[in-house]
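Peer 1: This is what each chain is made of:
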Amino acid sequence: MNCSDVRDQLESYIADDVTDVESMRIAEHLGGCESCAAAYERTRSVVADLKGISDAFVPRDRFAPRPAYTSCPAGGWLWRTIAVAASAVAIAAVGALSVPAIARELPFGVAKEFDALEDRAEDLQQQVDELTVRLETIDGEQVAMVDTTPGDLAPEEAAAVQQLAMDFIRGQYAGDVAALEAMGTDRLKADLAARPGDYVRDGAEGLTFAQMTEPARAEDGTYLIFVRLMDSGDWSESQYQEDFEIKLIDGRYLVDFMGMDA
Amino acid sequence: MEDYELVRRAQAGDARAFTTLVRHHERSLYATAYAITRSQWDAADAVQDALADAYAGIRSLRDPDRFGAWVSRIVVNECNSLLRKRVRVVPVEEPPEPQAFVWDGPEDGMDLMRAVQRLSPDHREVVALRYFRDMKLGEIADVLGCPTGTVKSRLNRALASLEAVMCPRTEEEVSR
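Each protein sequence line maps, in turn, to chains P and X. Sequential numbering of the first sequence, starting at 0, is according to numbering that gives the first Met the number 0. Sequential numbering of the second sequence, starting at 0, is according to numbering that gives the first Met the number 0.
Hints listed in this document are in silico derivations from the structure and should not be mistaken for laboratory results. For every residue, glycine included, the Cβ atom is placed at its ideal position computed from N, Cα and C. Careful: at least some of the hints might be erroneous.
Straight-line distance between alpha carbons at most 27 angstroms, and here's what the computed DSS-like set of lysine-lysine pairs gives [as the list claims (entries may be wrong)]:
1. P:Lys188 - P:Lys246
2. X:Lys84 - P:Lys188
3. X:Lys151 - P:Lys246
4. X:Lys151 - X:Lys135
Cβ-Cβ distance ranges computed for the label pairs, FRET-style [what the hints assert, rightly or not]:
5. P:Ala37 - X:Glu4: 37 to 47 angstroms
6. X:Glu4 - P:Glu33: 32 to 42 angstroms
7. P:Ser3 - X:Met109: 55 to 65 angstroms
8. P:Ala173 - X:Ser59: 18 to 28 angstroms
9. X:Thr147 - P:Arg43: 20 to 30 angstroms
10. X:Pro120 - P:Thr207: 44 to 54 angstroms
11. X:Asp121 - P:Thr18: 41 to 51 angstroms
12. P:Ala153 - X:Glu4: 41 to 51 angstroms
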């Protein structure tokens, strides 16, 4: 092998993308050729630095697929907000969320509220600056509560929405489809009948409510609440999130939509 | 869990398995898209759209072992489609950079990334697929639809450009 052949193969040699025979010949040449050895060292150094680039990009807002049953506008899958834990760290993380980011969490069906919410972003930003996480006991369970829209809803209204979301999740983990049906609107019932597997979580154990947002009410009256959960399922690194749209129909709060987020 | 098993589960409708697959690939896909599009906005959009397409089309992937190459091809296509559209769009004002990913590496690593972004489009693609996506020459050739020899020569020229920027040779070395 002459210098030209070796230089031509250097990149593949470094990437271990040559045959064993070629690899031996190149190594032999490099051992005896100072110029090619220097070229090898330069290329190897740049390649090593190139290979380190990917891992240095740390995801902040993460992509998560909507379950197949979710109605989404075309290309409407969203970068999802990374998990926040109920801790001091979480307060900082939640503080870093912009209100438009929260608004973009809204599932399809309230998409038209997007624009209105964005208009209010500046106003809401001031509230976001004051976001806090507090612990609340709901139905005997201590849950970290993120104040997204403090004071927006009457306390009993907020409590009813939170209670429904938690009951629904418990129903999912109990595998109680009848209970889920009873808590849902016709839209949800239809989806549940079509895809029960997307709702039932009876394989997993150790359900923990990690955190939930204070419910918000969109302009069409739909309540939005996001609940972060942990369970024993091995698929998740730590937590996942269920996003709820809840409607008040004939005096009853009913789940109209449940979507899962990473 | 290996990609192969995750792909099989995702093909059976397990969204969680797909999410885990995304976690395995998101950084390198983003780095690839950022190298090609040279814009954090476009990179985030390209990866988002590509993953949406991948999720929708995962059942069409016949060989689960080929997921990495398959999703790379989708990302490259999304990037090129975005770049074509961008030619027709006259930006009035540069929007603030999104923070889908933040750089947590050394400063000279970002210098190298910028050097990659200054390469020609053909060279950016091969460098990203080779070193960010860790693909073989043959796989890159399949993704780009060109001969392996072309990939190899593009890589050699791209690396020579990067070396010239990142570790310029001394006069003594040049004269050797």
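Peer 1: Look at each hint and say if it fits the structure.
Peer 2: Taking the hints in turn, this is what the structure says about them:
no.	hint	in the structure
1	P:Lys188 - P:Lys246	holds (14 angstroms)
2	X:Lys84 - P:Lys188	violated (42 angstroms)
3	X:Lys151 - P:Lys246	violated (59 angstroms)
4	X:Lys151 - X:Lys135	holds (10 angstroms)
5	P:Ala37 - X:Glu4: 37 to 47 angstroms	holds (45 angstroms)
6	X:Glu4 - P:Glu33: 32 to 42 angstroms	violated (48 angstroms)
7	P:Ser3 - X:Met109: 55 to 65 angstroms	violated (34 angstroms)
8	P:Ala173 - X:Ser59: 18 to 28 angstroms	violated (36 angstroms)
9	X:Thr147 - P:Arg43: 20 to 30 angstroms	holds (22 angstroms)
10	X:Pro120 - P:Thr207: 44 to 54 angstroms	holds (49 angstroms)
11	X:Asp121 - P:Thr18: 41 to 51 angstroms	violated (27 angstroms)
12	P:Ala153 - X:Glu4: 41 to 51 angstroms	holds (49 angstroms)
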